Amino acid sequence: MKMKLTTLALGAVMAAGPVMADLVFPSLSYRTGPYAAGGIPFADGYADYFTLLNERDGGIGGVKTKLIECETGYNTEKGVECYESTKGQGALVYQPLSTGITYQLIPKVTADNIPLHTMGYGRTSAANGEVFSHVFNYPGNYWNGASGVVNYLLEETGGDLKGKKISLVYHNSAYGKEPIRTLEELSKKHGFELVLLPVDHPGQEQKSQWLQVRRDRPDFVVMWGWGVMNQVAIQEAANIRFPMENFIGVWWSGAEHDVLSAGAKANGYKAVTFHNVGRDFPVFDDIQTHVVDKGLAAGAGDQIGNVLYNRGMYAAMLAAEAAKTAQEIHGTAEITPAMMRDGMEALSIDEAKMTALGMPNFGPAFNVSCENHGGPGLVGVTQWNAESKTWSLISDFKATDAEVIGALIDEDSGAYASENNITPRCK
Amino acid sequence: MSDQFLFATEVFINGLMAGVLYALVALGFVLIYKASGIFNYAQGVMALFAAMTLVGIMEGQVPFSHIINAIFGTEVHHFGWHVPALLAILLTVGVMVGFAWLVQRVVMRHLVGQEPIILFMATIGLAYFLEGVSDLMWGSEIKTLDVGLPQGGSFWIEDMTSFLGSDNFYGFFIDQLDIVATFVAILLVTGLVLFSQYTKQGRAMRAVADDHQAALSVGISLNFIWVLVWSVAGFVALVAGIMWGTKSGVQFSLSLIALKALPVLMLGGFTSIPGAIVGGLIIGVGEKLFEFAIGPMVGGATENWFAYVLALLFLVFRPQGLFGEKIIERV
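In order, the protein sequences belong to chains A and B. According to numbering that gives the first Met the number 0, the first sequence is numbered sequentially starting from 0. According to numbering that gives the first Met the number 0, the second sequence is numbered sequentially starting from 0.
Simulated from the structure, these hints should not be mistaken for laboratory data. None of the values given here were measured: they were computed from a predicted structure. Yeah, the Cβ is synthetic: ideal placement off N, Cα and C, and Gly gets one too. Honestly, I wouldn't trust all of these hints.
[Claimed, not checked] Only pairs whose alpha carbons sit at most 16 Å apart, straight line, appear in this in silico EDC-like list of lysine to aspartate or glutamate:
(1) A:K323 / A:D292
(2) A:K164 / A:E192
(3) A:K293 / B:E74
(4) A:K163 / A:E183
(5) A:K63 / A:E333
(6) A:K264 / B:E74
[To be verified] Cβ-Cβ distance ranges computed for the label pairs, FRET-style:
(7) B:E157 / A:K293: 30 to 38 Å
(8) B:H109 / A:E244: 54 to 62 Å
(9) A:N419 / B:E157: 21 to 29 Å
(10) B:V297 / A:G267: 28 to 36 Å
(11) A:S84 / B:A292: 25 to 33 Å
(12) B:V297 / A:S84: 34 to 42 Å
(13) B:F63 / A:D395: 43 to 51 Å
(14) B:S1 / A:A398: 27 to 35 Å
[What the hints assert, rightly or not] Covered stretches of chain A, going by a simulated chain B footprint (3 or more residues, C-beta under 8 Å):
(15) 27 to 33
(16) 257 to 268
(17) 383 to 390
Use the sequences and the hints to build the structure in full.
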C-alpha cells in the first residue's frame, strides 16, 4: 500500500511537469507612518500590476511573479532590514521608494549582485552605469526634474529668466537637497536668483518660510517636498495668496492628496512628471477586470488613476519588461538577479511596446545602456484642476539640460568611483 | 517705520500665534502630568486619533471598514450620511471619554503605585497601539477637515496696517485660523481654570494632584479622577487636532506635533497650565525671530533645534521650568 501511494505521488509530480520557481519582486513599501499617504498608492500600483500579469498572462514568460512586501515606514534602518531579510528569497530587483534607503543599499546590492531601480529618486549620479553597475534610475532623475522645472519656467517667461527670483522650498534631507547643485548651476547659466528655504521634517509648521516668501516676492516658487510638507506648503502658499500658477513642485509634490486639503485655493498648482496621469489607459481596464473585480487588489481598488498609483504601476511594468528582456537574453524563463541586471541594462521601451501594454503615451520611449542607466530624462508638466479634482498633462515630455546635468553626473560619480576604488566599466 | 522693523514685528506676531498652537498641544501633557505624575507620550497620537474620529464621524465613514470588508467580502465604506460639525465634535468628545475610561480600566488601574518610568513606558505602548487602531479604524489616507474655520491671511488687517511701511510692505500677515486658535486657547484655559477652581470635580482633581493618598483618605475616587483627567486631556487633544488638522489635513504627521510641545513643557514646567501658555508663546516667538534674524546666515531650518536650545537655556537657571513646582530634595 505504501509503495502504491509513493508511486502515485511520484507520477502526479511528473505529470505536472517541472515546477518553476516564482519570479520574486520585493516591495519595500510604507503603508504606515508619516509618509504612508504617498507610500500606499505606489505600493498598490506596484502590486496590482504583478497580480495582473499573473491573472491575465500567467506571469512573465510563463513563470508566475511573487511579490514580497516588507514595511519600511520610510525609515532607512527598517529599509535595510527589509533588504537583508528578503534578498535570500531570490529577489530580482529592489525599488525602495526612499532616497535614504537607496544610499544605504547601493554598496550592498553591488556586492550581492542584485539590481536596484530608483525611478525618479535616489542618487542621481547613479545614471552613470560605468560607475554604478547595479543601480538604475531611468527614465528620469532629480536633476532632470530640476532642469525640467527651469525649462518650463523659461517657456513661461519667453525664454528669459534673467533677473527673476526663484525660491526653492525643500525638505531638509538628503532627498530635498538633491536639486540644489543643479539649480545653482542653472541659475548661473540663466541669470536668475535662487533663494533656498529649507523645511525640517516633517514640515507641519512652515510659517517662517512662507512669511519669507511673502517678503521676498519671488517670481516663482519651486517645491521639493514629501509627505505632510506638501499639503502644508500648498495651504500656506494659498494663505499668503501666492499665485498657484507660479508654484511648481517636483513629481513627489504633485499627487492628489497634496492638493486636496487646500481645496479650491490649490487650483492651478503645477508639478513636473516623467509619466502620464489619469486612468484613461487600457491597462487600467485590465487591472479593474482581472485584479480589482476578482477581489485581488492590494488595496481597496480605489486608487487606480491616481498619480502615485500610476507611478507604482509604471515601476512594476518597467521591472516586468526588464525581466522579459533578461529571459530573452539568457534564453531561460527562470532568471536570476544577475540576469535581471542584464535585462535592465538592455531594456528598450518604445511607443509601440507601450501601446501593446495598454499604456499609449503613458511615458517616454528610451533605451538603457551600459553607460546610461538614467534614460533620456524627459520631463513633462502637470497642472491641478481643483474643480474636477484631476491632474492634467499640460506639456509634452521634453528634453532637459544634458550639458549641465551630464557634467554634474560625471563629477559626482567620478568622486564616488575614486572613493570606492571603482574602475569604470563599459569600455 | 522701517520695513525691516515691520517685518520683524510681523514675525513676532506670527510667533505668538504659532506659540498658541504649541501651547494647545502642551496643555494636554500638563493636565495628565499634574494629576497623575504620568508623562503621557501618547498625547500627540491622541490628537491624531481625535481628529481622525471627528472626520470619520462627519463623513459617515464606517469604522474598521477594511477589516469588515476583508473578512466578510463586503464593500461597505460609508453610512451615506454627513454629520454637522458641532454634533460630530460632541460625538468625538464622547469617544474620547470612552477612550479615557478604557485607558483607566485596562492600563492605568493595574499600574497604580508603580514607578513613573513604568507609567511612562505604558504610555509609549499606548501610543503605538493607538496609532495602529487609528489606521485600522479610519484608514491611512489624508483626510480634509473642514469644521467651518476661516483660513488665509486677513485682508482687513493687511489693509489697516499697510500704510505703516513703504510700498514693499503689504501690511501684517496674520492667518485667520491662528486668530481663531488664539481665542479658542483663551477660552480653553479660562474654562480649565474655572473648572479646577470652582467645581467639585475640579477641586477633587487638584486634591489628587497635590497628594493622591490624602485625597483617597477623604473619599475621592482615584479611578474617577483619572478618567476625568484623561477625558479632559482627550478633549484638549481634539481641539489641538482640529486646529492643526485644518491646516494640513488629518494624517499621521499630526501625531508628531507632540515634538513641538516638548520644549514648551521644558520651558514652562510640566505642572503649570499658565506655564504651558507662556512657554508656548516664548518658544513660538523665540524660534520665529531666530529664524528671521539668524536663519539666513546659517542656512535656515533652525526652528526645530532652536526651540530645544532655548528650553535648555531656561533649564540652566530654572530646572523645574518657569512655572514648575520647585524641586526640593531633603536629606
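Here is what the structure says about each hint:
1. A distance of roughly 27 Å separates the Cα atoms of K323 (chain A) and D292 (chain A); the hinted pair therefore is violated under the 16 Å criterion.
2. Among the hinted pairs, K164 (chain A) with E192 (chain A) is consistent with the structure: their alpha-carbon atoms are about 5 Å apart, no more than 16 Å.
3. This hinted pair checks out: K293 (chain A) and E74 (chain B) have alpha carbons roughly 13 Å apart, not beyond 16 Å.
4. Under the criterion of a C-alpha separation no larger than 16 Å, the hint pairing K163 (chain A) with E183 (chain A) is consistent with the structure, at around 14 Å.
5. Between K63 (chain A) and E333 (chain A) the CA atoms are separated by roughly 10 Å; this keeps the pair inside 16 Å, and the hint holds.
6. This hinted pair does not check out: K264 (chain A) and E74 (chain B) have alpha carbons roughly 33 Å apart, beyond 16 Å.
7. Roughly 56 Å separates the CB atoms of E157 (chain B) and K293 (chain A), a value that falls outside the hinted 30 to 38 Å.
8. At roughly 59 Å, the beta-carbon separation of H109 (chain B) and E244 (chain A) lies within the given 54 to 62 Å, and the hint holds.
9. Separated by about 55 Å at the C-beta atoms, N419 (chain A) and E157 (chain B) break the suggested range of 21 to 29 Å.
10. Checked against the hint of 28 to 36 Å, the pair V297 (chain B) and G267 (chain A) passes, with Cβ atoms roughly 34 Å apart.
11. The beta-carbon spacing between S84 (chain A) and A292 (chain B), approximately 48 Å, falls outside the hinted interval of 25 to 33 Å.
12. Distance hint for V297 (chain B) and S84 (chain A): a CB-CB separation of about 40 Å, consistent with the stated range 34 to 42 Å.
13. For the pair F63 (chain B) and D395 (chain A), the beta carbons lie near 46 Å from each other, so the given range of 43 to 51 Å is met.
14. For S1 (chain B) paired with A398 (chain A), a C-beta distance near 47 Å fails the hint of 27 to 35 Å.
15. Residue count for the segment 27 to 33 of chain A with a Cβ under 8 Å from a Cβ of chain B: 4. That meets the three needed, and the coverage hint holds.
16. Counting residues of the segment 257 to 268 of chain A whose beta carbon lies closer than 8 Å to any beta carbon of chain B gives 4, which reaches the threshold of three, so the coverage claim holds.
17. With a threshold of 8 Å between beta carbons, the proposed coverage of the segment 383 to 390 of chain A by chain B is violated, since 0 of its residues qualify and at least three are required.
The structure is inconsistent with the numbered hints 1, 6, 7, 9, 11, 14, 17, although it conforms to all the rest.
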